[in-house]
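Peer 1: These are the residues of each chain, in order.
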Amino acid sequence: MSLLDGFLARALLAGLGVALVAGPLGCFIVWRRMAYFGDATAHASILGVALALALSLPVFVGALVVALAVAGGITVLTTRGLATDTALGVLAHSALAAGLVAVALLGLRVDLEVYLFGDILAVGRTDLAVIWAGALAVLALLAWRWQRLLIAVLNPDLAEASGIDARREQMALTLALAVVVAVAIKVVGALLISAMLIIPAAAARPLSATPERMAALAAALAATSAGGGVWASWTFDTPTGPTIVCAAAALFLCVTAATWRRR
Amino acid sequence: MTPLIRVEGLSVRHGSLPVLHDVDLSLAPGEIVTVVGPNGSGKSTLVRALIGAVPPSAGRVTRKPGLRIGYVPQKLGLDPTLPMTVRRFLGLPGRVPADVAAEALEKAGVPGLADRQISALSGGQVQRVLLARALLGAPELLVLDEPTQGLDQPGSAAFYRQIEAIRSETGCAVLMVSHELHVVMAASDRVICLNGHICCEGRPEQVARAAEYRALFGTGTGGALALYRHEHTHSHDHDHDHGHSHDHGHGSAA
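Residue numbers (this note's numbering), protein chains in the order written: chain A, 1 to 263; chain B, 1 to 254.
So here's chain A without its partners, still in its complex pose (with noise of 0.2 Å):
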């Protein structure tokens, strides 16, 4: 029986993939305040599964051509003058809401409790291809422009002074978000990526000094919280996507209060 075959190893390694890029990919929201802009694109993506189904499309397809739609528009309606959060709350509820009116529509029997909360369980070998695939393909171009999107982030000026086009890095970013989205849906959930996301780096910054540790940290404690999540959710019998939440929870508690002892 090879590693593969068990449904908790590959539980465990689905969960690993997708802690190892939401990491420092979190990181970058983080930095960049676009914690709403996930849970947006997160919620949207509902909308890309219920279409994939009414397609027979794999669910990453259409769950990938909505978050990137929702981002595309978000960034169209920010740049109209509509304030961030007015844009995100209109799209991301619209989407979710006509995401269900299509299941309903269309009349698809589908368990939307899994795209919401995620079944890491269920998760077969296509699926974890799809989300190291994807997880490694962002990873990559995280780490190719990786020096640019730090200055774009850290100040867009300075990088176009630099003959950096902070747009396009900000532009890279979305699409980065979209994918691991899209790849993560089934993992963790759509309510659940935007915590995979934030939590993780959030524990990560009162212990790094540059942006190279809290991303690693990051992907550490991410990746920390899904096993620990995996393991906890086998012996107490509690849905697994949550539980990988409540663990990353716990890591940040401990780092908090120890951060809060040091002073």
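Honestly, the hints are just simulated from the structure, not real lab data. From the three backbone atoms N, C-alpha and C, an ideal C-beta is built for every residue, glycine too. A few of these clues could be false.
Unchecked claim - If we take Cβ atoms under 8 Å as the criterion, some of the chain B residues that face chain A in the derived model are: (1) Gly-52; (2) Thr-81; (3) Pro-83; (4) Val-96; (5) Val-100; (6) Gln-153.
Please build the complex by placing chain B on the supplied structure of chain A, with the hints as guidance.
Peer 2: Same frame as chain A, but now just chain B:
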């Protein structure tokens, strides 16, 4: 001499709002030009158009091919969630050797800050770190956008003296945006008074007398101007004994 940057008929709009119109401007190597103007006069927009951060809606900005610009923004605006040491910041976007970074910090007047967190520095220290970063690429043109905002008067004066020292050492041109005409003027070869368009320009003492300038800033700055000139004569490298008249010596470079 070929200008470093030539601006012809530049107009910039933010949406439907015109911010700059019909700006013509040329920067020669080695000169210090100060742009002054009230809030909302388009000073920062002009700077951002020069460095290529905003596209012109009409006219054009021509940079000398391969022009090395060192840019010091008005504020760094570092988000507190982003951990960043001075050393790491100097290596963005191009990594630099430690000794080069240390030398730049020394030149900018803040030696030994390399390992500090930027978020733990004072406003004046951050401005000098930004200056150090701008110096890293051996710039032919230093562009500073209200670099002394938030500094007190002695702090501003010290910062400007540092800029002058750097100019005389490296021979780079300096374009500085300021709202404090009285502090900047003495060091400048040329002053441009901006209010959506160029109202007047010339040697500092010409601009201070210009009706357009007085209409924008009032006559009250006259006293402060004299104050700084007086102070300034102590630190300049020539024309010391001429006292108040030394600004005329700079006029030839304009």
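Peer 1: Against each hint, give a clear statement of whether it holds in the structure.
Peer 2: Against the structure, the hints come out as follows:
Because the closest C-beta pair between Gly-52 (chain B) and chain A is about 6 Å apart, less than 8 Å, the hint holds. Contact between Thr-81 (chain B) and chain A, as hinted, is supported at the beta carbon level, the nearest pair being about 5 Å apart and thus within 8 Å. Interface restraint check for Pro-83 (chain B): the shortest CB-CB distance to chain A comes to about 5 Å, inside 8 Å, so the restraint holds. Using the Cβ-Cβ criterion of 8 Å, the hint placing Val-96 (chain B) at the interface with chain A is not satisfied: the shortest such distance is roughly 12 Å.
Among the interface hints, the one on Val-100 (chain B) is violated; its C-beta lies about 16 Å from the nearest C-beta in chain A, farther than the 8 Å criterion. Nearest Cβ of chain A to the Cβ of Gln-153 (chain B): about 27 Å, over the 8 Å cut. The hint is violated.
Hints 4, 5 and 6 from the earlier list are contradicted by this structure; the remaining hints agree with it.
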